[in-house]
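Student: Sequence:
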Amino acid sequence: MAAPTPRCIFAEASRMKTRHAQVSVAALTTLAAPMGLALFLYRATGEPRGGSLLPPVPIPDGNPITEEKRVLGKILFFDEQLSTDNTVACATCHQMTNNGADPRIAIHPGLDAILGTPDDIRGSAGVIRQDDQTNYEPDPLFVLSPQVTTRSANSVINAAYHRELFWDGRAPETLTDPDSGVEVLGNNAALESQTLAPPLSSVEMAHAGRDWSQVTTKLAHARPLALASNVPPDIADAVLDAGSYPELFARAFGDSAITPERIAMAVATYERTLISDQSPWDAFVQGDTNALTAAEARGWAAFQANQCAVCHTPPLFTNDEFRNIGVRPLIEDNGRQAVTGDPADRGKFKVPGLRNTGLKRTYMHNGEFGNLTTVVGFYAGNGQVPDNLDPVIPLINFPPQVAADITAFLQNGLTDPRVANGEFPFDAPDLFFRPGAPFNPQVLGPNTARPDSQGRVPQVVARTPPLIGSDDFRVGVRNVADGATVTLVMSMTPPVNGEVPPDTVIATLTAEGDDPVATAHWPIAFSRTLNGQSLFMQWRVDDPNLDEPALSRAFRADLFCGFGDCSTGCAADFNRDQRVNFFDIAEFIAAYGRGDSKADMALPLGAFNFFDVAEFIGVFGEGCP
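Counted from 1, the sequence shown has number 605 at position 606 by numbering that gives the first Met the number 0; the numbering is strictly sequential.
Incorrect hints may have been included.
[Said to hold, decoys possible] Using C-beta positions, here's what the derived DEER-type ranges look like:
(1) 501 with 593: 18 to 26 angstroms
(2) 582 with 113: 49 to 57 angstroms
(3) 594 with 328: 34 to 42 angstroms
(4) 132 with 453: 27 to 35 angstroms
(5) 180 with 288: 49 to 57 angstroms
(6) 208 with 622: 33 to 41 angstroms
(7) 434 with 208: 47 to 55 angstroms
(8) 504 with 144: 26 to 34 angstroms
(9) 416 with 173: 34 to 42 angstroms
(10) 592 with 207: 15 to 23 angstroms
Hints were generated in silico from the structure; no laboratory data involved.
For glycine and all other residues, C-beta sits at the position ideal for the given N, C-alpha and C.
Please work from the sequences and hints to get the whole structure.
Tutor: What follows is the structure, given as C-alpha cells:
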C-alpha cells in the first residue's frame, strides 16, 4: 500500500481539526513520513494553545469554563465527603504528583481470588463494603478492609482530550441526566460522563444502593473541604467566603440547586484545566536542543523508529484508540468488548497518554508493572498473550541499550515539572486519608482487648473521621458469636486496666450473619465547643459463659472542626433546610427529648442538660453567615 502524501495528510487533518486532529495526523505521518514532518503538519493544522504544542481543549456546548465553576469542581474533586463514609475523594485515586493516578499499592486477588498469583491486580483502595443502610458487611475478598478496584486508575491530567474515558471507554462523550435519562450535553462530555460513576460505585465511594438524592442531600449540609488541610488559596478563599456548597453552586450556576449533572459539570471544568504541556520534550522539539539529555534524545529518536509513536502519538502521546497489547489472558478482563459487545474488541484497552508517565508507580490496566524498565522490556520481549494481539506488537524489537534510552526518555523527558512539584494548576490540599497522616480514630494496644469464652477477640472497625457535624461517623465490630449482644460504650476518660469506663452507651445491637457484624452510627453534633475533645470507645460483647463481657480493642477519637474551624456551615440550621427559623428550634427540642446525639452540643458528652440547650440558643442567636 502506497504511503499517503503530505497533501493527503494535510487534508485529513483539516477535516478533523474540530476534534484534536493532530492525533490522526501524527498517527499517519509516523508510519509514512519523518516525525519532523508530522510535527510540522500538526503545528499547521492543530490550532495549538498559546505557546503549547497541544490543541485547544475540547469543551462541550452547554458547559463553558468559568472561574466559579472551576473552583467548585476543584473543591468537589478534593472533598472526601463526596463518599458515603468520608474516606474517599476523587483525589484519593488521582493524585497530581503521581501523574493524576494512584500511587497507593492495593492488591485485588484477581479472577482466582487468591493473593500472590499471576492474575493479581494492583488497583485502587476504595470503601469498606456497606449495605443499603450504610452498615458494614463482610466482603468475600476483603472482609472489612477497603475494597480494591479491578483496574488501575487512569490519569486525570490531559484526560480532557479523550473522546471516551475509563480503560474500556464506557464513559461516552455525551452526558445524560442519571435521574431523568435526558441528554444534557451532546458532545465532548466524556469528563462529565465519567464523573458520575465513582460516587455511586459500592467499591469506590458508595454504600450499596446509593443514589444521587443521597449524594446531593449530603453535600447540601456538608462543610466544604472540612476534612482537608493545607488548602490552596484559590479554593480556600472560595470556601471561607461562600461557607457552604449551596452558595458555591449558586456562584457557579446561578442558583443553589445541587444536582448530579452540575456536580459532573463542575468537576469536569476543573479537570479541563489540568493540561500538562511543559515537559523537556516540548522545549526540545521547539528548538531547545539542550532540553533533553543525550540518553533522552537517543530515546526520543528510538521511540519514533520502533513503532512506539504508532499508538503513543505526539504531542499527546496517545492516539485515543483501544489496543490489545497482550498483557494478560482475556478470560481475566475482556476490556473494550464488554462495552461494545464486538468480539474484535476483546482484550483492547485505551491507549494512555505518556506525558508524566515517569511519575507513576504502576503501569497497564491491571497495574502489573511497577517501573518503566519493566514496561519497555515487556514491549521488547515476546511474552505477550497472542489472542487478538494488535499487529503492531510483533514489529517492536530493540536491543537493551535502545531499551535503556527509551526508558530514560519516558522517565524524564515527558515530565512537566509543574506536575512533579504539585504546582498550580496541579496543586492540591492534603487529604484526611494520606500517607503518613495520624490515625483518627486510633485503635489502642491489644492489652485493651479481652476474648470471649471461645477465644475470639472482638474486632473493632473504626475508620470514619470523627468530624464535628458529621452524620457519617460509624463503628463496626466482628469476630463475635452469631446473635451476640454487643454494646458500644464511650467515655471522656482513658481506659482503666484495658477497659473503657461505660459512662455513655452509644448503641446496643445484635451481631448477625454468617460472619456476624454490627454497626453503630453516632451523629456528631455541630458545635465548635467540641473541637479537640478526645473520646474513648470500646465494644462490649455479652457472653453467657463469662461473668464479664468480652472486649474489643479500645480506640480514641479526637473530635475536630477541620478546615475553617467550624466557621463554615450553619449550626443554627438544625433541620438543614437552609433556613434559620422556628422549625430549627422545634427540631432541636425533639432531638434533645429523644436523646439524639446531634443535640448533645456541649460538654460533657453523653449528658443531656442545660449546657446543650444554652449552646444551641447561642448558635441560633448568631444565625448563619
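Student: Work down the list of hints and note, for each, if the structure agrees.
Tutor: Evaluated hints:
no. : hint                             : verdict
1   : 501 with 593: 18 to 26 angstroms : 21 angstroms, holds
2   : 582 with 113: 49 to 57 angstroms : 56 angstroms, holds
3   : 594 with 328: 34 to 42 angstroms : 58 angstroms, violated
4   : 132 with 453: 27 to 35 angstroms : 28 angstroms, holds
5   : 180 with 288: 49 to 57 angstroms : 55 angstroms, holds
6   : 208 with 622: 33 to 41 angstroms : 37 angstroms, holds
7   : 434 with 208: 47 to 55 angstroms : 32 angstroms, violated
8   : 504 with 144: 26 to 34 angstroms : 28 angstroms, holds
9   : 416 with 173: 34 to 42 angstroms : 36 angstroms, holds
10  : 592 with 207: 15 to 23 angstroms : 33 angstroms, violated
In terms of the numbered hints stated before, the structure departs from hints 3, 7, 10, listed from lowest to highest.
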